[in-house]
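Chemist: With the hints as extra help, turn the sequences into a complete structure.
Everything in the sequence shown is counted per the working numbering, starting at 1 for the first residue and increasing by one.
Incorrect hints may appear among the rest.
[As the list claims (entries may be wrong)] Below 25 Å or equal to it, Euclidean Cα-Cα: the simulated BS3-like pairs (lysine-lysine) are: (1) 100 - 14; (2) 99 - 71; (3) 100 - 110; (4) 34 - 71; (5) 100 - 34; (6) 44 - 71; (7) 100 - 44; (8) 71 - 110.
[Said to hold, decoys possible] Between beta-carbon pairs, the in silico distance windows are: (9) 4 - 78: 26 to 32 Å; (10) 79 - 108: 29 to 35 Å; (11) 15 - 86: 33 to 39 Å; (12) 45 - 12: 15 to 21 Å; (13) 109 - 52: 26 to 32 Å; (14) 37 - 86: 32 to 38 Å; (15) 36 - 89: 33 to 39 Å; (16) 52 - 16: 15 to 21 Å.
Treat the hints as calculated values from the structure; they're not laboratory data.
A virtual CB, placed ideally from N, CA and C, is assigned to each residue, including glycine.
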Amino acid sequence: IERRQWPAAIEELKRVNASGDADWNNLMGYALRKQATPDLDGAKAHYDAALRINPQHRGALEYSGELALMKGDLPTAEARLASLSQVCNGGCEELEDLKKAMERYKATGKV
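Modeler: Here you go:
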């Protein structure tokens, strides 16, 4: 994942297969979303799983908000931002990153 080699990252995550873990689901969603041909539905399923396991997972809240913007779903992104604001209680990197993505989306229509 750090090397941005998405197919290899996805294969390694499949090998580990920790689908009951919020971090694993968040990373799988991220890799699926970032690969050359994004699998947005697959990414959403993994972010949703991460948030079922841990509704306060900062990474999954941020990344699922960014995914919502990629799909043109501003209300969902705003809901994720509101959740992050509560979870972060005053600020965190994930909250700031999602705020920036939303500002960019509102200004340009792109994430």
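Chemist: Please go over all the hints and tell whether each is borne out by the structure.
Modeler: Cross-check of the supplied hints:
{"no.": "1", "hint": "100 - 14", "in the structure": "violated, 31 Å"}
{"no.": "2", "hint": "99 - 71", "in the structure": "holds, 17 Å"}
{"no.": "3", "hint": "100 - 110", "in the structure": "holds, 11 Å"}
{"no.": "4", "hint": "34 - 71", "in the structure": "holds, 14 Å"}
{"no.": "5", "hint": "100 - 34", "in the structure": "holds, 18 Å"}
{"no.": "6", "hint": "44 - 71", "in the structure": "holds, 11 Å"}
{"no.": "7", "hint": "100 - 44", "in the structure": "holds, 20 Å"}
{"no.": "8", "hint": "71 - 110", "in the structure": "holds, 10 Å"}
{"no.": "9", "hint": "4 - 78: 26 to 32 Å", "in the structure": "holds, 28 Å"}
{"no.": "10", "hint": "79 - 108: 29 to 35 Å", "in the structure": "violated, 21 Å"}
{"no.": "11", "hint": "15 - 86: 33 to 39 Å", "in the structure": "holds, 35 Å"}
{"no.": "12", "hint": "45 - 12: 15 to 21 Å", "in the structure": "holds, 19 Å"}
{"no.": "13", "hint": "109 - 52: 26 to 32 Å", "in the structure": "holds, 30 Å"}
{"no.": "14", "hint": "37 - 86: 32 to 38 Å", "in the structure": "holds, 34 Å"}
{"no.": "15", "hint": "36 - 89: 33 to 39 Å", "in the structure": "holds, 37 Å"}
{"no.": "16", "hint": "52 - 16: 15 to 21 Å", "in the structure": "holds, 19 Å"}
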